[in-house]
Structures are given as C-alpha cells and as structure tokens.
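Student: This is what each chain is made of:
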Amino acid sequence: MQKIILLVLSSLIYTQIAAQDDYLLHVNSIPLELRVKSNAVVRFNDVQINIIAYNKVVYTNKRIITVLNKEGDYKVDAYHHYDENINIQNLEARVFNSNGKEIKKFKKNDFKDVSAVSGGTLYSDSRVKYLDYTPINYPYTILFETKVIYNSTAFIPSWLPIEGFYVSSENNEYKITNTSEIPIKIKTSNFEAYNIKKISDFHYRSENLQAIEPEAYSPDFKTYAPILKAALTQFDMEGIKGVNTNWEDFGLWINNSLISGTQELPQAVKNNIKYLTENANSNMEKAKIVYEYMQDKTRYISVQVGIGGWKPMEAQDVDRLAYGDCKALTNYTQALLKEVGVPSYYTIIYGADNLIDIDQDFSATQGNHAILCLPNNGDYVWLECTSKTNPFGYNANFTDDREALIITPEGGKIVRTKVYHAKENLQEIQADIILDDTGTVIGEIKIQSKGAQYGKHEGIQTTTVKEQELYYKNDFWSDLNNLEILKMNFNNNKDSIVFTEDIKVKIPRYASKAGNRLLFQPNLFNKITKTPPRYKNRKLPFVIERGYTDVDTYEIQFSNSLHVEAIKEPVTIKNKFGSYKLSITTANNIITYKRELILNKGTYSKEDYQEFRDFCLSIKKHDSSKIVFNSKT
Amino acid sequence: MKLVFLFVSVFALQMATAQDYKFGKISKEELQETSDPEDPEANAAVLYRSQEIKFEYIESKGFVQKNDIHERIKIYNKEGFDQATKSIKLYNESNELEESLTGFKAYTYNLEGNKITEDKLKNDGIFEEETNKYWLTTKFTMPNIKEGCIIEYKYTIQSELIRIDDIEFQQEIPIRKLDFKMVTPEFYNYSKYPNLRAAYYPQLNDSYKEKTVSLSGEMQTSIEHAGGRREARSDFSRNDWKYSENITTANLDNIPAMKSETHVSNLDNYRAVMKMDLNYIQYPNQPRKDYSTNWERVTTTIYNSNDFGEQLKKSGYFSNDLSAAIAGATDPIEQTYNIFNFVKHKVKWNGLHGYYTDLGVRQAYKQGVGNVADINLILIAMLREAGLEANPVLISTKDNGVPLFPTRNGFNYVICAVNTAQGIILLDASDSFTSLNVIPVKALNWQGRLIRKDGSSDWINLSVQNPSKEIVSLNMKLNPDLSATGKVRNQYTDYSALDYRNTFENYSQDDLIKEIESENGNLQVSNIEVADMVVPIKPVLLSYEYQLDEALEEIGDNYYFSPLLFLKIKESPFKLQNRKYPIDLNFPTSRKYMVNIMLPEGFQVESLPENQKVQYNKTEGEFTYLVKENGSMLQLVITLDLNNTLILPANYQEFKKFFELLVSKQAEKIVLKKV
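For the record, the sequence lines run as chains A and B.
Just so we're aligned, residue 1 is where the first sequence starts under our numbering, counting upward by one.
Just so we're aligned, residue 1 is where the second sequence starts under our numbering, counting upward by one.
Isolated chain A (complex conformation) (with noise of 0.2 Å):
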C-alpha cells in the first residue's frame, strides 16, 4: 500500500518538473543577476528525501546545472559515494548544448567506478561513481538524477542552497518525507538573510540566489550561508542502532556500543603502566607519561572500514599493531590512563587549522577527528593522539579553541578547548648583526617561539638540512635575497614548550647602493611583506583566529667607514586590533632596533576591514623602513 502511494506521489513530481526543464536547459533563460560572479548556476535542485524506516532512507534528487567556464566544470558534482549500507540505485546523466538540445547520455554503467580513499587514508571501504565527462563548449548544462537507498542513516544529507563560493542558484528546493515513526528534527541557519521559504515543516525553497564570492579573513562559509542540517532521533549506523534526541543520550550510546568493550588490554601492558607511573604525584603526571608511552609506541596509520569508520579498534589490537587512526589510539591511551586511574573523555572534534566547532545546538554525528580529553580541576587539558611528536597537552593549530564533544559516562557534553592567547603565542628574535661598508651582513640569531607559534616552527627539527635550509630561504626570510645559512642548531623544550632555533647567516650586498649612499632596512628577519586584499565593497565580517606576539630585538654593529645620515622615530600604534611599536636608537657604531606587534583575536564587522587594512599597511611600511648610510670614505 505505501509502495504504491509513494509510487503515484514520485511519477507526480516527475512530470511537473518536466514540463520546467525546457526552459531550463536554455542558457539564455538564465537571470542576469545569476552571472554575476558566477561559474556555474544551479538551475534546478530537487532533494527528495523518504525516511522509510530508522534504517531505510531513500534520497532521491534532480539536479540541472549549467557550467559557464572551465572554473565551474568541478560544480557538476555528479558523483555518488558507496559502500556496503548506502545502495545506488540509479545515477544518469544527461549533457545539453547552450541550446538546450541533448548531446550526450550517461547511464548509470558509464560513470567511472573507482575506490574513494582519500589522502592519508590507507584503506577504505568507500567507493565513488563519478561522471567523467569532457566539455566540448562552454556553456553547457548537466541534468543529473540520483536514487539512493541509505540503510546506513547516521548522516542525513544537509541541505546547502548556496553550495559554495562562485556559484549561484535558481530553483532549489529541499523535502523531508517521513512515513516512519521516529522523530527527526532539523536546524536551519541563515534563512532569513537569503528569503528561503518554509512551504511546510521539513520543506523549504529558495529562488535566485546570488552567487558569494570569498573574501580574505571571512569566516567559515557555513556561519553565514544558509544550511539546512536533519536527523533522525533513532538511527542505523553500519548495523548498529542508535539514539539521539540530544547530546547527552547521544554521547551515551557512542559510550555503550562503540567505546565500552574495547578498552580490554593485555595483562603484561596492565603491568607495565601501573609500573611506569607507580612514583607518579599528581593524575597529570601519570597522564603525562601515559601519553609519552602511547606517542612513543605507536603511529598513525587510518584504515576505514564498515563500522571501523565509527568505533575505534579494540585497544589490545592497537598494542599489538602499534598503529591506529585517531579513534583508536584515543581509544588506547584512554585504557591505559584508565588503568592507573585517571579519568578521561573521548572526544569527537572538527581537525583543522582554522575553527570549526561542533554545532552545539545540534546533536548529530559530526566532527572528522578524536581527540582526548582530561579533566583538571574544573578545566581540561586535550591530548592529540594521532601525533609522535606533540609536547604533552599541546592543540593548538588543529583543534583548539572550538566547541567539542565529550563523552563523559553520564553523556555527552559540548564543552570548548583551550584556547591560545595572543599573550602565549610568543615569537621572539634576537639578532646580533654586523654590517660591514660593502653592505654585506653576517648575523647571529634567536628565534624562540611558544604557544601556537611553537606548533608552526618545531616541525623544522625533523626534515633534512637541505629542506631546512631551503625552509628559510624560501619561507620564512624569502624576501632576504642572496642569503646564505652558516649554521643551524635547534633546541625543543618540550616540557616548558619552547622551540629554539639558533643561526648564524649571511647576506651579501643586504644594504642596497644608492650613489655613495647605502639604504639599510634595520629589521631583517620579521617584516610583514603581505597585507590583506583591497575590496571597494566588503560583504563578510572577518575574523582574526589566533592573537600572535612578536618581540623582534637586533643589535647592528656598522662599520667605521659609514656613519648614520637618517634614522627613523620612534612608533607606537594601538587599536582594537592590537599594537605596535617600532624604536631604533644609535650609540657608538652600534643600532638598536625594538619591535613589537601585538594581534588580537576577534571578530570584527565588515565595516571594520577597512581599519584593519591601514594598520597592517602601516605595519608593512613602518617594517621596511630604511636608515640611510653616508660611506665616510
């Protein structure tokens, strides 16, 4: 009975969409305003999604997409994923000249099938069927059918009618059927700015939208595009039921059936970690050189297969192959610390350098990364598993400051990781420099860097002497032209997280020839040399993610033959975005120059911008100031 309903109701959509497409696939039927910015206009999106069942759900979609140039052919998007719980049922293709007259047909057999492991993924069960298609012209249009049958219905597929940056949308419309009995519930973000109609609970619409072009600093696109994002209360996850009608309960099931049961470890290890932390003081303690045991044995290796997506290996497999992915070695470290008695939450985080949080207001399977976590006197200090290398307690640049999900035994809790302040992020250099009357520099330096500035320097101690010199020719000083490393020597402090570097350069002809004048920029080694983009008409608000501090002090001893013609005055700006100053004073052949910027973090509005260019300008100008020598001879 329900089949044949359902039946009659699809055959309905199908011919009221046809009688649509001829207009559609005609470029020329395409809205000016859609252009503007555009390489490609979704014409025509249709999401169908049924939920049959809390482990059946039939998605089926038609989409019409008309590609304006080659920067657009990756907005077709005609592929599917698959695997063993998601079943394409079908996927055609259908490609239309300017004209609108069809010019070639894919059937579902035609679509390229190959594995989609993706990087840093060893293994994974996941597979794609994609169109490959070549363009013959530009415009052309694409009209793609899909229907899949998810058994799996962890993620229901959201819902983003403006799909990205450069790309606009005409019709696009989006419906939730549910003819079983489990609740779902939906969020829906950003609607009102863009004039998308509710035509029903779980149905809304949208019309000429425009597309959004990015800017530098804005934030993440799905803060302000609108999104739709559903769930199921009850769902199936690779055959394994679960429950979700808010964190908690949710944070309760990821507990009792993918985390409880695995955390079995041999006894010998059993033995070995009781025996390792046995003079332990404190719960940090013992989770310090817990952490270092887990770093020190294992490595990361991401295999992805059926529920492995979801639950992590089982701890003791983790001992004996001394590898896993991020669930699993979270997973391990948290049996371990649980055998010498400290407490700690798997956590389930967004990995990546700029912040991403887990929408707090909406429990659902999110996030790409496991971390852990361990609560310290009301706060909580956050372990990166995956990584050999990490001084104990250290996130910054890839999940601090951002909403997380612990799994604590009473449920699930969203809680915020630490966050670095600008004060922490220290960057400081310390240069003796001598400046002989050829122009030529030789200087010896101190680069000591702390809190998230650490995470971007240490990587250097590991990569051959070749790459590091390379590093700081053609990165961090590749404005020094002619450089020539003398000497590196690197100290990690891993304990109180600090990283040094100690080098000694050179650099022929640094001060530049001006007649019997030598121009000579005092700071060397920390100019900022890029300044944010000019818009004459900024749309997005931008955010500052990560504060910074920089302490720049250099000593430049001159030789005798050249004396000071003009130096520069002192500086000091502060605003809202932060401070800097700037001091360069001479006594006896010998320039000291002070410099130091302060960056806030923060969010600003898009009328901001304009102020924060100018300081930044100003940075830039101030740093490539020049003192100017008069050769004596």
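These aren't lab readings, by the way, just hints derived from the structure by calculation.
From a predicted model like this one, the values you see are computed outputs, not experimental measurements.
Just so it is clear, CB atoms sit at the ideal spot from N, CA and C, and this is done for glycine as well.
Accuracy of the hints is not assured; some may be wrong.
Heads up, simulated DSS-like pairs for lysine-lysine below, C-alpha to C-alpha not over 25 Å straight-line [claimed, not checked]: (1) 122/B x 311/A; (2) 198/A x 187/A; (3) 477/B x 513/A; (4) 466/A x 78/B; (5) 297/A x 139/B.
A few chain A positions that, by computed beta-carbon distances, are all more than 12 Å from chain B [what the hints assert, rightly or not]: (6) 56; (7) 60; (8) 100; (9) 164; (10) 197; (11) 241; (12) 282; (13) 415; (14) 437; (15) 550.
Guided by the hints, dock chain B onto chain A, whose structure is given.
Tutor: Just chain B, lined up with the frame of chain A:
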C-alpha cells in the same frame, strides 16, 4: 644436469646464510644500527633487495612470468615510518591480462633488550583495493613499527604477460645491497635500456645457459600481451624441449638515494632504472614476430597500426566541412591556420595522451571529443586533404622522459608538422591556447620523430629557437605627495603568451586587478584591459592605469624609489647552494622593461644607479641596465635575455650568481632631493 643444479643452489644457500640476506635472518648488528653509514641523514635504508624475473614453462599456459621481490628495510627514525606502508600494484584488466600476487609474507623485527622479536604481518594489515577498472592495489602496513626496527617482506608477481616492467635500481632511500637476476627464454628477445642520464649507473652482467623442459603432451606458447593487446596465440607440439636462457645479473652495493630539487622537469629522468623492450618473439619453427628494434622500426610499427596510419587515411567524415574551414584562403599558411583553428574548436581534448587514437578519428570528430591522437590525426588528415604537406610527429612528453631508446613506450604523444616554404610549422590542436609553432610546454622534450606519408621517418628538433618576449612599458609620474601615477602596458608573445593565457584564462577584470594589487598594498589599479586573450596567434596585450601611494620613501632630506616600482623581480628562484640535476627553463625568453619617469616639480636627482651589463656563460644569459636623465624626465631600459633553456649543474653557481646580481640591481634606488 639436475645434479649440477642442486649443487649450485646448495652452494648459493650457504653463501646467503653467511651474508645473512636469507629471509628472516636478521642480525642484532642490523637492528642496533642507528644511521646509514653512507647517508647519515637517511630516515630509512634498504639493507637488502633482491629481484628475480624469470619465465617458467607451464604446460597448460605456456610461459609464465614470475617476478620475485625480497626487501629488507631498516627504519632509523619516525620520519622513516612511511617505509612501513607499501603498495603493490597489479594489472587487472581481464583474466588473460591479469597479474597475481603469491607467496606474500612480511615481518617486523625489533630488538627488545638483547632479544630479537618478530611480528608477522597478518591479514588485518593487508588491504586489497580495486583502484579502478585496470588496477588492483594491495596495500599493507607493518605491525609494531619502532625507531630502529627492520621490516622484511617477499612476494611474487605472476602473470602471462611478456612485457617486463621497468626495473628500478634506485629509490628515495639508499640501498645498501641489491641483487638482481633476470632469466628470459631465447624465444623472447628484449633490449635493455638502462637510464644513461642517471647519476648512478648499475653494472650488469650477461650470460646464457641451456634449459631442458620435458613435456607430457601438447605445448602452447603464451599469449602475447606486449602492447596490452591480445594479438596472437600459437600452438605446436614436441615431446622434449631444449632451449637456452639469457641471464642478466647485477650485484650492487651502496646505491645512493634519489633526492628531489625544484625546476627539474621530471625527477624520474634521473633515476637508475632499466627499461625492457621486446624486440621480437620467435618460437621454434615459426616465423619471427617483430616488435621494435630501432627507431625506424618502432616508427613503422606505430605507423602501420590501425589506430594510427589507417586513421590518417580516412577523410570522408570531414569532407563537407573542409572547404568551409578553409574559407577561401589560398595562402598555405593561412589555410593551415584556418584548418588548425577549425579542428581546435571542433574536437576538444579529453585529457588523455597517446599516439594511438582513443575513439578513432571518425567517432572523435562526430562526438567533438578525443585524445591527443584523435585530434591531431584529424588535423593532419584535413591538412593533407587540403593539399598541404602535413605529417605526424611522435613525441615523448616531459613526464614520459626523454626518448633515448627505441621503444614504443618511448613515445606517448603525437603532434603535427606542416612543411611550408617558410619552414616547418609545429601544431597541436588539443589545447585551446596553442598556436603556430607554439605547442604545450609538456611536449617540448628534445626531439620528435616525424613520419612521412611513405612511412620514412626522421628526427626533428623540438627545442624552441625564437625567444618568447615580454615587453613592459611603464610610464610613471611622481607627484609631490610622494605618490606615483601612470600606465603599464605588457606585451607577451609565443610561449610567454601561452603561459599568461593558461594562468589567467578565467580571471575576471576584478580578479586581475586583485592579483596585481596583491603585490603592493598601496597600489590601486584601474581601467584594466586585456586584448587578444583568446586569439593565440596574436600577442597578449595587458594595459592598466595605476596609482601607488607612498611610492617615494622620505628618509632624512632625501626621497627614494625603485624605478620598477611594484613590477620588480623580488627574489631569485634559485636558492640551493648546489644542484645535482639540470634546471629546465622550457623555452628561451627575452624580457624588456621600458620605463619613463616624470619627476615631481621642485625635485631633482641626487643619485642614479649605474649602468650595467652582466652576462651568464657568454651570451646564454644577458642582463642590461641603462638609465638616462633628461631634464625632469628619466628613462630606463632594462633587459633580461635567457637564451639557453637547460642550465647544467656545472654552470649552476654562475647562473645563481647572475640571477642574484640582477635581482639586487633591480632593487637599487633612485635618490631624489628637493631643489
């Protein structure tokens, strides 16, 4: 005979035991080693590798190729852990064209205290991936990897293919000892081509010996798959069978690691690798079947194929379009250009290389899409039909390596050459921005093989003779408020234009402005125009107006500025102290800056940079700097000519210095003062 064999193998076994290279015989000394004695920076080293390729006769199948690999790798530190994960690619197109993996075993060895422990690789560490229609990949990652551990594995790849894969003697990590042995039956004649350009050259020894196979019944020769195609199957019978085997061996020590450098066209061009090419198959009492022996024959084989020469003969599919394409042009070069343009627009490239057609010219023409051969063979056929002398040129792209040895795999690309009164014009219609004598840079690889209608062939030089130009005119008015305003005009020709078109193809005017402004935060660009972006026969013309705030820097009583303002080359791209491999600059270039500067009222010149001329390797590179003062006007002409496209490691120091000098020179300031 058998006795002798037994003796030899026992002897070999004893030798191996003494040297500890037998599988599983790991020594404490090896485990205690903390760095490679020859290359202390290496994160890992191959302690031992052996490879044995042989053809075994199996009655039901014929000759079966077996490729035995045994490798023992020492991992010194955690940066070397990548070596614990490996992939074995197996060709898997169909049952007959299938490679299979047998006898795979692997162990990790560690030293715990004074004891050697071993961990066997189990199924949970082995993953079989159906990568796509043609390839199966077996991936594995070793258990219990620790700093200082040793991994060891062996396997056999078995197939009925006659083709022998490239034999690699060099890896990204050093190899301490390598034993290689290849035994091929006399019926298969191969040429061996070690890479002459590799810095490391393996010493090979050749010999042969008799072999007897006793047969119970019917004998079959194997199916030939050399070109990935099923071509012949022959059966014949005999009861007892003697034949000889060719044996090649190498016993090598201390093979250095490959290390990458920038501006190398293809690092694999310098790897110690041996290519094996099948010359002919000759079974007893059967005619000899030839493959390739010299370039003439390689060319003939390709030319005679259905997917090449035959395709050139077809013409019916375009007959109606040809006259329209020519559009009344009578001059041969104009005709060539018109047909070239027509084909470019008619058939689009599907991203595939090759000298054999993919769909065939007729289908490609109809569908409007094809591989490089489809497109350029259509072009040649149309040019020929129009009475022009057009011929295919076989090429090896830079990725494919330089065509040093006569093998069919030596080529992977085909373009068109038209012989005109003004000389040869090279054409490649597979790229929308190519032009007459401007082909994609990837195809500019030394020389190509031109094949005439009668099947005769010759080499032609592919290196670009005329320098591609970039001419910049910069007009600058300096203002009393220290800003500069003016106009910039850039002209790009030939390969510089191709480069510009490829890079900025999809940039809007706003994007271009942003791109130029990104060089300097104080810069504002307006009235930007790009002319002839999509007319590849013409130069690209870029012009815009600009305003640069704080162009003059005031220090003390003087004012300083760089005469190229925001256009200057900021840094030398060549920063390595030394190089092992040549730098490939692709094509000769000639850059010229013409700068006209109007000084602000009330200012005068305090000092000017000196005129200068610098050369690299005589006239292979030349930089000139010329400045003239003329009342309130300054004129500069700065040129940079790079005439040689290959910079050899021996000349690198001089080249580096040359570049550093010109970068310093361009950064020199003009000093002004108030009157």
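Student: Look at each hint and say if it fits the structure.
Tutor: Verification of the supplied hints:
1. 122/B x 311/A: holds (21 Å)
2. 198/A x 187/A: holds (13 Å)
3. 477/B x 513/A: holds (23 Å)
4. 466/A x 78/B: holds (18 Å)
5. 297/A x 139/B: Given pair residue 297/A, residue 139/B holds - Cα atoms ~22 Å apart, limit 25 Å.
6. 56: holds (27 Å)
7. 60: Nearest chain B Cβ is 28 Å from residue 60/A, so the label holds.
8. 100: About 17 Å separates residue 100/A from the closest Cβ of chain B, which puts it past 12 Å; holds.
9. 164: Residue 164/A is indeed farther than 12 Å from all Cβ atoms of chain B, at 16 Å.
10. 197: holds (31 Å)
11. 241: holds (26 Å)
12. 282: holds (29 Å)
13. 415: About 31 Å separates residue 415/A from the closest Cβ of chain B, which puts it past 12 Å; holds.
14. 437: Given a closest Cβ separation of 16 Å, the condition holds.
15. 550: Check passes; 19 Å lies beyond 12 Å.
Of the numbered hints given earlier, the model fails none.
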